[in-house]
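Quick mapping for you: the protein sequence lines, in order, are chains A and B.
In this text, residue positions in the first sequence follow numbering that gives the first Met the number 0: the first is 0, and each later residue adds one.
In this text, residue positions in the second sequence follow numbering that gives the first Met the number 0: the first is 0, and each later residue adds one.
Worth double-checking, as some hints may not be accurate.
Only pairs whose alpha carbons sit at most 25 Å apart, straight line, appear in this in silico DSS-like list of lysine-lysine [what the hints assert, rightly or not]:
id, chain 1, residue 1, chain 2, residue 2
1, A, K484, B, K484
2, A, K364, A, K303
3, B, K484, A, K371
4, A, K364, B, K484
5, B, K39, B, K186
6, A, K267, A, K371
7, A, K303, A, K186
8, B, K364, B, K387
9, B, K9, B, K484
10, A, K268, A, K303
11, B, K267, A, K371
12, A, K71, B, K129
13, B, K267, B, K387
14, B, K303, A, K71
15, A, K39, A, K63
16, A, K268, A, K364
17, B, K387, B, K371
18, B, K129, B, K267
19, A, K129, A, K186
20, A, K267, A, K387
21, B, K387, B, K268
22, A, K484, B, K129
23, A, K129, A, K271
24, B, K39, A, K364
No wet-lab data here; the hints were simulated from the structure.
As the structure is a computational prediction, the values presented were derived from the model and not from experiment.
Number of protein chains: 2
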Amino acid sequence: MRSWSDLNIKAIIQIIGFLLLIEGLFMLTGMPFSLYYCGKCYALLISGLITGSIGAILWLSMRKRADKTIGKREGYIIVTFTWIIISLFGTLPFIISGAIPNFTDAFFETISGFTTTGATILIDIESVPKGILFWRSMTHWIGGMGIIVLSVAILPILGIGGMQLYAAEMPGPTKDKLHPRITQTAKRLWGIYVLFTIVETVLLLSGGMSLFDALCHTFGTVATGGFSTQNSSIAEFSPYIQYVIIVFMFLAGTNFTLHYFLLHGQFKKVWKNEEYRYYIYLILITGAIITGILTFLDNDPFEKAFRDALFQVVSIITTTGYITDDYLLWPNMLWIIILLLMFVGGMAGSTGGGIKVVRQLLLFKNSSLELKRLIHPQAIIPVRLSGKAVSQDIIFKVMAFFLLYIIIFAFGTLVMSFMGLDFESALGSAAATLGNIGPGIGMVGPVGNYAEIPVAGKWFLSFLMLLGRLELFTVLILMTAAFWKK
Amino acid sequence: MRSWSDLNIKAIIQIIGFLLLIEGLFMLTGMPFSLYYCGKCYALLISGLITGSIGAILWLSMRKRADKTIGKREGYIIVTFTWIIISLFGTLPFIISGAIPNFTDAFFETISGFTTTGATILIDIESVPKGILFWRSMTHWIGGMGIIVLSVAILPILGIGGMQLYAAEMPGPTKDKLHPRITQTAKRLWGIYVLFTIVETVLLLSGGMSLFDALCHTFGTVATGGFSTQNSSIAEFSPYIQYVIIVFMFLAGTNFTLHYFLLHGQFKKVWKNEEYRYYIYLILITGAIITGILTFLDNDPFEKAFRDALFQVVSIITTTGYITDDYLLWPNMLWIIILLLMFVGGMAGSTGGGIKVVRQLLLFKNSSLELKRLIHPQAIIPVRLSGKAVSQDIIFKVMAFFLLYIIIFAFGTLVMSFMGLDFESALGSAAATLGNIGPGIGMVGPVGNYAEIPVAGKWFLSFLMLLGRLELFTVLILMTAAFWKK
Numbered sequence: 000m001r002s003w004s005d006l007n008i009k010a011i012i013q014i015i016g017f018l019l020l021i022e023g024l025f026m027l028t029g030m031p032f033s034l035y036y037c038g039k040c041y042a043l044l045i046s047g048l049i050t051g052s053i054g055a056i057l058w059l060s061m062r063k064r065a066d067k068t069i070g071k072r073e074g075y076i077i078v079t080f081t082w083i084i085i086s087l088f089g090t091l092p093f094i095i096s097g098a099i100p101n102f103t104d105a106f107f108e109t110i111s112g113f114t115t116t117g118a119t120i121l122i123d124i125e126s127v128p129k130g131i132l133f134w135r136s137m138t139h140w141i142g143g144m145g146i147i148v149l150s151v152a153i154l155p156i157l158g159i160g161g162m163q164l165y166a167a168e169m170p171g172p173t174k175d176k177l178h179p180r181i182t183q184t185a186k187r188l189w190g191i192y193v194l195f196t197i198v199e200t201v202l203l204l205s206g207g208m209s210l211f212d213a214l215c216h217t218f219g220t221v222a223t224g225g226f227s228t229q230n231s232s233i234a235e236f237s238p239y240i241q242y243v244i245i246v247f248m249f250l251a252g253t254n255f256t257l258h259y260f261l262l263h264g265q266f267k268k269v270w271k272n273e274e275y276r277y278y279i280y281l282i283l284i285t286g287a288i289i290t291g292i293l294t295f296l297d298n299d300p301f302e303k304a305f306r307d308a309l310f311q312v313v314s315i316i317t318t319t320g321y322i323t324d325d326y327l328l329w330p331n332m333l334w335i336i337i338l339l340l341m342f343v344g345g346m347a348g349s350t351g352g353g354i355k356v357v358r359q360l361l362l363f364k365n366s367s368l369e370l371k372r373l374i375h376p377q378a379i380i381p382v383r384l385s386g387k388a389v390s391q392d393i394i395f396k397v398m399a400f401f402l403l404y405i406i407i408f409a410f411g412t413l414v415m416s417f418m419g420l421d422f423e424s425a426l427g428s429a430a431a432t433l434g435n436i437g438p439g440i441g442m443v444g445p446v447g448n449y450a451e452i453p454v455a456g457k458w459f460l461s462f463l464m465l466l467g468r469l470e471l472f473t474v475l476i477l478m479t480a481a482f483w484k485k
Numbered sequence: 000m001r002s003w004s005d006l007n008i009k010a011i012i013q014i015i016g017f018l019l020l021i022e023g024l025f026m027l028t029g030m031p032f033s034l035y036y037c038g039k040c041y042a043l044l045i046s047g048l049i050t051g052s053i054g055a056i057l058w059l060s061m062r063k064r065a066d067k068t069i070g071k072r073e074g075y076i077i078v079t080f081t082w083i084i085i086s087l088f089g090t091l092p093f094i095i096s097g098a099i100p101n102f103t104d105a106f107f108e109t110i111s112g113f114t115t116t117g118a119t120i121l122i123d124i125e126s127v128p129k130g131i132l133f134w135r136s137m138t139h140w141i142g143g144m145g146i147i148v149l150s151v152a153i154l155p156i157l158g159i160g161g162m163q164l165y166a167a168e169m170p171g172p173t174k175d176k177l178h179p180r181i182t183q184t185a186k187r188l189w190g191i192y193v194l195f196t197i198v199e200t201v202l203l204l205s206g207g208m209s210l211f212d213a214l215c216h217t218f219g220t221v222a223t224g225g226f227s228t229q230n231s232s233i234a235e236f237s238p239y240i241q242y243v244i245i246v247f248m249f250l251a252g253t254n255f256t257l258h259y260f261l262l263h264g265q266f267k268k269v270w271k272n273e274e275y276r277y278y279i280y281l282i283l284i285t286g287a288i289i290t291g292i293l294t295f296l297d298n299d300p301f302e303k304a305f306r307d308a309l310f311q312v313v314s315i316i317t318t319t320g321y322i323t324d325d326y327l328l329w330p331n332m333l334w335i336i337i338l339l340l341m342f343v344g345g346m347a348g349s350t351g352g353g354i355k356v357v358r359q360l361l362l363f364k365n366s367s368l369e370l371k372r373l374i375h376p377q378a379i380i381p382v383r384l385s386g387k388a389v390s391q392d393i394i395f396k397v398m399a400f401f402l403l404y405i406i407i408f409a410f411g412t413l414v415m416s417f418m419g420l421d422f423e424s425a426l427g428s429a430a431a432t433l434g435n436i437g438p439g440i441g442m443v444g445p446v447g448n449y450a451e452i453p454v455a456g457k458w459f460l461s462f463l464m465l466l467g468r469l470e471l472f473t474v475l476i477l478m479t480a481a482f483w484k485k
């Protein structure tokens, strides 16, 4: 390891500066909506100018002087600090407009946006100026873009929690040479992301949504975020719109590399992907169970039960967090299924957060193989994924990731109970923020929000969102003495 | 593997027959109490004669003919079926006496006894004839004896979930040559078990308990069981008696090999044991936190708060399940601490159930080392326990065990919610039976019981008790096709 003095701080500042400049420019994109709906747009303008110019100054002042070599260590610092710093600057429109005057609340809302969580402290969303709501949804979209490059390019190199699997073992960029260069890969996947954004916006528009609502909900969908412009989330929209959002949540929770293959006609390759099949089966099976019970026990009409079941299941598995029905009012066992789905997460390489489908699948497979290994202690029995053996080392890292996730979740529940929350709310808030979902159970359930959480609790949950979004290790490693030691 | 036809069924029948004979004899030991308190003892007499004579017939009929070679496969079958069959016969006194006329209830109560869980379906314990209650507590004592031989002798050989660690890496029988022969080791540890039984009985007698109560509560303590003869568990007994039980619960949750060393003056060896120190620190720290909060928030007198905190913490960590105070009435965060302690369990090599302290410790250590491994990807950084490196393979098995435990717990919660239980009761009943604790949260909390659980739920929870007690894999392996295949 290089020592602290060897750390390429200039390159770090340069990159974060560049990203702030981009953030500033994105802030300005909300101005037309501000002008159209409110006749003024000073909050976004001032915020954009401050963020953009500070970014530009940092970027330009370091551009010439900076040594271009960036190691893993700089990688960890850039990833974590980027999410923190863009969240800090991202609070400006909320604070300057007065929509969220309190800094803690503004930070919670912004990091919830950039981590594509969608947990909100707003009690009356509809009273917030449209331009500010547009920025709020835009944070999701920017966050989703960051996650794509993170999961296909950065995390596999850093070797976090078995994510190298994605690069090494699955039909992904490295293995199948989607494109040898990372930036090219990221750009191609961003192309798909933009394509989805355009198609969903058009479909929502043709369902009767305004351009503003269509864009905001598209941002929340393709990034698996969950911020809505309505207090009732998606519940008041038409069945057509709900089905469109189901489809795009599903797509956003899918590995984007698979979309690339699909668009190039390589259907066989996609169907051979075991994680994909497991993801689909899990949605269909839990969806069918919930549909059945809602139809027979609650006497809902079949189509409504089917739509509600599928919407909530897809929303929670993909960690989006949009809601069409308050699942806490369902029979007990149904919302407990929803709670368990909070520990699944989207596919690796999607914009979804959480543990990820592939890790879940590997753990189930390994658990059953452990029994076989007891019967044949001499034999080497590897876990196989999509027909290929996965190295013991990766399974080890996947298990370590899952365990750390469970430990942090349990610790988070305890911390939130010390903040005065009841058991279900403490458990729900920890699960829903760590998994980047948004709605949990208890007071932070589908019709609740995070407004009443004490200040210290909001900061702690913000930390959990960051932890979960950056695959735990990326953040935790910065807190070890060994990382900073010579 | 040998095929089904190669399985030494005769040897299996012979051993289980012998154990049934012993069980029958143990049933008869309750007769003096039956005669003294009720003037009749037919239920125990008939049960003992039936069990003992069936056992004797099985044993004797196979004794001559049986091939003495017993492999791992026979080991798995003997362990699991012994616990099931002695539980089946153990229901006889309850059914014949009419104390628990329902077979499901009687089986639940008996397997709860033999697995040293202590979960009860009895609503009014004090109305049950004393001789039957004596047998009920005796099932704990027999179960504890079985667990000692299981954990020091059988599980390490079978290689379950890192339990070989106990034999291979720790100051235990194999490594320090406590005694090369398994039967000798077991006998020495049984000697300590009997010694504890005698000492605790004497101490309880001198605290004013009757011989009957003293013996029953001793059985429940040294086996980390938890059946009491009182409806209010230990709450109505004097502080002296509560302290005595705290001490012996602590001792019963300790690795019995360490007691052997202590009795032989090898104090240094014991204190060097990291699992032991971690076990003590965990009790002291959580005990101190709970004492502090009960004193300041609830305004309890200090001694009472200290005693209640320590009693409940030691009772839950060691998986005993005796109660002096309803922890569900404590502030939220305190009973959530108690809930988390349900996932610790006693030390390996104790009579305690659950995950076990050593596994917890190894997982925490490995999680923090994973961060170091990311910083130094080339270095081999092993987990160290008591100063010695633990092989990656054992850490792998420990993680796989923990994961399977969490998966079964989550699945158990879901199953119990399908039985109609509310969330907390479903979660509490799964945690408390899988961990062999007894009281959980919700309706099965400290002042609740398992009477109202539906029949299917009682069978499912009985299965969880068996799973947890036999370290999951011992039971699950019998359910794989590979185990029975040629």
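Here is what the structure says about each hint:
This hinted pair does not check out: K484 of chain A and K484 of chain B have alpha carbons roughly 55 Å apart, beyond 25 Å. With a CA separation close to 35 Å, the supplied pair K364 of chain A and K303 of chain A exceeds the 25 Å bound. Distance restraint check for K484 of chain B and K371 of chain A: the Cα-Cα separation of roughly 12 Å lies within the 25 Å cut-off, and the hinted pair is therefore satisfied. For the given pair, K364 of chain A sits about 20 Å from K484 of chain B by alpha-carbon distance, which is consistent with the 25 Å threshold.
The hinted pair formed by K39 of chain B and K186 of chain B fails the criterion: a straight-line CA distance of about 35 Å is larger than 25 Å. Taken as a hint, the K267 of chain A and K371 of chain A pair is broken in the structure, with Cα atoms around 31 Å apart against an allowance of 25 Å. Restraint check for K303 of chain A and K186 of chain A: not satisfied, since their Cα atoms lie roughly 39 Å apart, outside the 25 Å limit. Pair hint K364 of chain B plus K387 of chain B holds up; C-alpha atoms about 13 Å apart against a cutoff of 25 Å.
Distance hint between K9 of chain B and K484 of chain B is fulfilled; the C-alpha atoms sit about 19 Å from each other, no more than 25 Å. Distance restraint check for K268 of chain A and K303 of chain A: the Cα-Cα separation of roughly 35 Å exceeds the 25 Å cut-off, and the hinted pair is therefore not satisfied. For a cut-off of 25 Å, the pair hint linking K267 of chain B to K371 of chain A is broken: about 40 Å separates their Cα positions. Taken as a hint, the K71 of chain A and K129 of chain B pair is broken in the structure, with Cα atoms around 69 Å apart against an allowance of 25 Å.
At most 25 Å may separate the alpha-carbon atoms for a hinted pair to count; K267 of chain B and K387 of chain B meet this at roughly 16 Å. The hinted pair formed by K303 of chain B and K71 of chain A fails the criterion: a straight-line CA distance of about 54 Å is larger than 25 Å. Distance hint between K39 of chain A and K63 of chain A is unfulfilled; the C-alpha atoms sit about 39 Å from each other, more than 25 Å. Between K268 of chain A and K364 of chain A the CA atoms are separated by roughly 21 Å; this keeps the pair inside 25 Å, and the hint holds.
Proposed proximity of K387 of chain B and K371 of chain B is supported: the alpha carbons are some 18 Å apart, at most 25 Å. The straight-line distance between the Cα atoms of K129 of chain B and K267 of chain B is roughly 44 Å, outside the 25 Å bound, and the hint therefore fails. Taking the CA atoms of K129 of chain A and K186 of chain A, the gap is about 30 Å. The hint is violated against a cut of 25 Å. For a cut-off of 25 Å, the pair hint linking K267 of chain A to K387 of chain A stands: about 16 Å separates their Cα positions.
For the suggested pair K387 of chain B and K268 of chain B, the alpha carbons sit about 14 Å apart, so the restraint of at most 25 Å is met. At most 25 Å may separate the alpha-carbon atoms for a hinted pair to count; K484 of chain A and K129 of chain B exceed this at roughly 66 Å. Restraint check for K129 of chain A and K271 of chain A: not satisfied, since their Cα atoms lie roughly 44 Å apart, outside the 25 Å limit. Proximity of K39 of chain B to K364 of chain A is assessed by CA-CA distance (about 56 Å); at most 25 Å being required, the pair is judged violated.
Violation of the numbered hints given earlier is confined to hints 1, 2, 5, 6, 7, 10, 11, 12, 14, 15, 18, 19, 22, 23 and 24; the remaining hints are satisfied by the structure.
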